[in-house]
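2 protein chains.
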Amino acid sequence: MPLLVMKFGGTSVADIARIRNAAAKVKREVEAGYDVIVIVSAMAGRTNELVAWVNETSPLYDAREYDAVVSSGENVTAGLMALTLQEMDVPARSWQGWQVPLVTTAAHGAARIERIERAAIDAKFAEGMRVAVVAGFQGISPEGRITTLGRGGSDTTAVAFAAAFEAERCDIYTDVDGVYTTDPRLCDRARKLSRIGFEEMLELASLGAKVLQTRSVELAMRYNVRLQVRSSFSDEPGTLVCGEEEVMESRVVSGVAYSRDEAEVTLTSVADRPGIAAAIFGPLAEAGVNVDMIVQNISDAGHTDMTFSCPVDQVKRAEAAMLAARERGEVGFEALVADTNVAKISVVGIGMRSHAGVAARMFRALSGEGINIKVITTSEIKISVLIDRKYMELAVQALHDAFGLENAA
Amino acid sequence: MPLLVMKFGGTSVADIARIRNAAAKVKREVEAGYDVIVIVSAMAGRTNELVAWVNETSPLYDAREYDAVVSSGENVTAGLMALTLQEMDVPARSWQGWQVPLVTTAAHGAARIERIERAAIDAKFAEGMRVAVVAGFQGISPEGRITTLGRGGSDTTAVAFAAAFEAERCDIYTDVDGVYTTDPRLCDRARKLSRIGFEEMLELASLGAKVLQTRSVELAMRYNVRLQVRSSFSDEPGTLVCGEEEVMESRVVSGVAYSRDEAEVTLTSVADRPGIAAAIFGPLAEAGVNVDMIVQNISDAGHTDMTFSCPVDQVKRAEAAMLAARERGEVGFEALVADTNVAKISVVGIGMRSHAGVAARMFRALSGEGINIKVITTSEIKISVLIDRKYMELAVQALHDAFGLENAA
Numbered sequence: 267m268p269l270l271v272m273k274f275g276g277t278s279v280a281d282i283a284r285i286r287n288a289a290a291k292v293k294r295e296v297e298a299g300y301d302v303i304v305i306v307s308a309m310a311g312r313t314n315e316l317v318a319w320v321n322e323t324s325p326l327y328d329a330r331e332y333d334a335v336v337s338s339g340e341n342v343t344a345g346l347m348a349l350t351l352q353e354m355d356v357p358a359r360s361w362q363g364w365q366v367p368l369v370t371t372a373a374h375g376a377a378r379i380e381r382i383e384r385a386a387i388d389a390k391f392a393e394g395m396r397v398a399v400v401a402g403f404q405g406i407s408p409e410g411r412i413t414t415l416g417r418g419g420s421d422t423t424a425v426a427f428a429a430a431f432e433a434e435r436c437d438i439y440t441d442v443d444g445v446y447t448t449d450p451r452l453c454d455r456a457r458k459l460s461r462i463g464f465e466e467m468l469e470l471a472s473l474g475a476k477v478l479q480t481r482s483v484e485l486a487m488r489y490n491v492r493l494q495v496r497s498s499f500s501d502e503p504g505t506l507v508c509g510e511e512e513v514m515e516s517r518v519v520s521g522v523a524y525s526r527d528e529a530e531v532t533l534t535s536v537a538d539r540p541g542i543a544a545a546i547f548g549p550l551a552e553a554g555v556n557v558d559m560i561v562q563n564i565s566d567a568g569h570t571d572m573t574f575s576c577p578v579d580q581v582k583r584a585e586a587a588m589l590a591a592r593e594r595g596e597v598g599f600e601a602l603v604a605d606t607n608v609a610k611i612s613v614v615g616i617g618m619r620s621h622a623g624v625a626a627r628m629f630r631a632l633s634g635e636g637i638n639i640k641v642i643t644t645s646e647i648k649i650s651v652l653i654d655r656k657y658m659e660l661a662v663q664a665l666h667d668a669f670g671l672e673n674a675a
Numbered sequence: 267m268p269l270l271v272m273k274f275g276g277t278s279v280a281d282i283a284r285i286r287n288a289a290a291k292v293k294r295e296v297e298a299g300y301d302v303i304v305i306v307s308a309m310a311g312r313t314n315e316l317v318a319w320v321n322e323t324s325p326l327y328d329a330r331e332y333d334a335v336v337s338s339g340e341n342v343t344a345g346l347m348a349l350t351l352q353e354m355d356v357p358a359r360s361w362q363g364w365q366v367p368l369v370t371t372a373a374h375g376a377a378r379i380e381r382i383e384r385a386a387i388d389a390k391f392a393e394g395m396r397v398a399v400v401a402g403f404q405g406i407s408p409e410g411r412i413t414t415l416g417r418g419g420s421d422t423t424a425v426a427f428a429a430a431f432e433a434e435r436c437d438i439y440t441d442v443d444g445v446y447t448t449d450p451r452l453c454d455r456a457r458k459l460s461r462i463g464f465e466e467m468l469e470l471a472s473l474g475a476k477v478l479q480t481r482s483v484e485l486a487m488r489y490n491v492r493l494q495v496r497s498s499f500s501d502e503p504g505t506l507v508c509g510e511e512e513v514m515e516s517r518v519v520s521g522v523a524y525s526r527d528e529a530e531v532t533l534t535s536v537a538d539r540p541g542i543a544a545a546i547f548g549p550l551a552e553a554g555v556n557v558d559m560i561v562q563n564i565s566d567a568g569h570t571d572m573t574f575s576c577p578v579d580q581v582k583r584a585e586a587a588m589l590a591a592r593e594r595g596e597v598g599f600e601a602l603v604a605d606t607n608v609a610k611i612s613v614v615g616i617g618m619r620s621h622a623g624v625a626a627r628m629f630r631a632l633s634g635e636g637i638n639i640k641v642i643t644t645s646e647i648k649i650s651v652l653i654d655r656k657y658m659e660l661a662v663q664a665l666h667d668a669f670g671l672e673n674a675a
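Listed in order, the protein sequences are those of chains A and B.
For the first sequence, the positions run 267 to 675 when this note's numbering is used.
For the second sequence, the positions run 267 to 675 when this note's numbering is used.
Treat the hints as calculated values from the structure; they're not laboratory data.
Treat the hints with care, as some may be off.
[Stated by the list, open to error] Selected chain B positions facing chain A (Cβ under 7 Å, derived; list incomplete):
#1 I282
#2 A334
#3 G345
Small disclaimer: the values here were computed from a predicted structure and weren't measured.
Virtual Cβ for every residue (Gly too), placed ideally from N, Cα, C.
Isolated chain A (complex conformation) (with noise of 0.2 Å):
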């Protein structure tokens, strides 16, 4: 029988009711003739309220502990979804990370899959079930404990047990109903996706817009498992991220993604020798320091200029470890100047590959607005820039026109 992935997040599962409303598109696809894997998140703040107990018995936690008390919030979800189910008559059964089981890696709160085991959901398929419903975010170490994978890690479950089961399709129901070109709220023109490449739904991911966990898209690239972002509480199809060659149209540029935080760190006049970037950037790495773009200026008289962007909540971070490092005599500099009231506009596109010319009218539509461009990187698929907050909106506005989004679908 062919055989869907469902996964639902906390709250298209909050409540019974919407338990409810979530199992009754389980037994649509199962009527349809599916067998189907359903991947459950807790209920909507379950697993905060018990992150908030964790951390109030201890600031300094055993990970391992950690782990067995905020699993269980995905256990609940998951014996009440397979309860909800059988009382619709569709023969269903819980599955908890290690009864699967789901192997990881004993990196607890941050554990990696390595295998999943199908012998014990494939013979009760055998037996008739139609309905595995498997708790998400959890797995078992090799040491026999339980792990989870960090948060937002039931989307990963939910790949990881398409590519293991060889499913048709992973639909991620959420309370979105689809990737857009950009920010409806930052755009009115804003328009849904019917489908996007697994590359460009990762730069997306990777620049704010949260709909998929980055990872989950990382390992659906890998398996090519085709997977749609739907909502749980309307019956429209989604977005399918899936393999280029399934992205029909040759959208030059399929969205516009903002990341409003961002700060800009310059370190003036740094002594340019070979190995100064990694005499700045390892300190940086080693303070947790998450440094996105980097603009190196050319050299004058052995001194250059380097400047990297990262969060506003790690400046101070990077700055401590700057000035330990230059007081350990590992790097030269003048000054740190940091401006804290930057935000990063970024156009991702497949297209873009076969299309030269994008930079040039990204550039132009910005200085039609009359906004500066402070830093640009760019990648294969995706040109980045750092302007002044205060003109994001209007940037992404005028981006989003610029490459006609507001006709993509």
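Given the coordinates of chain A, work out where chain B should sit on it, guided by the hints.
Relative to chain A, chain B alone:
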């Protein structure tokens, strides 16, 4: 190292502050040189919330899924208790039922413990762990699914661990500070007992003194586990439930118990023939009626009256079962008469075995207060009577005085 089992009920772990209070008691025993196995219930109110959700999904739910959902409450407490102990520098870790494993029958919702495998916990004690925190009330079936032992099953879990690990004692921490000669709310002369025998405790428990689950006392008696009931909210010693030989004082009577909501049901003019008792009590048992006392009058011209007691809220069910049995011709009787305004009073004491005259003293005390006795039953260590409910409180006080229990200890 000597080993203790300590069990904390729902009110004793209702929030993080109370979990800390309980953990401090555990730490004290560790510092006194004990290895400790802690059994925890779900935080107060949690299990009821989970049960309510299950009931909301389906009136006729799958008990296997019920168990998967409801067991999650204890898992949360186990992890939080382990974290709290670690924060107090006590080496601890949590175990869920399946991790131990504690293997049960597959009777979901009311499973019986088959065995506890010591190896994993013993190995950790050998490595220096001082406290194993185990989620109460749950186990794993031979099929690998989560089971629960029925409400109150955490007491039973505690006793089973004390037996398996040959614990020096099993301390049950609860919201009362011990076993009393009678209910202090009914008689201000009630005294806390320092020791009580297993069989007395069993009779008291089954008579409504709800300090310990009956099953846990039975198990303790079978494996001779010394059981102490004590308060989570004080440091006073509680009541030790132990073998008869350890109860020093040769008390004749240890306590006066009562059961408020009893009903007396009489079938009049029953055709007296061999097998008639089975013909009556078989259908009652099938209908789920908990028949307690039974009295059969002397036969008169081939007919007799049959009287039994049962909880008030089961009278309707008893009546339906009896009328249906008469309909099917299995039993003949003239009328079913129910008195729903009766209560049961019992005196319990292992000293009765060797002391005659307890019954006479009891009946004299009751008649001295003008209380009429409707039904009498006796066992080796207990005499119970059914009386009008309005005399219940008076009867408890009169009997408490008659047996000098204000001087018990």
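Mind listing which of the numbered hints don't hold for this structure, in increasing order? Every hint satisfied by this model.
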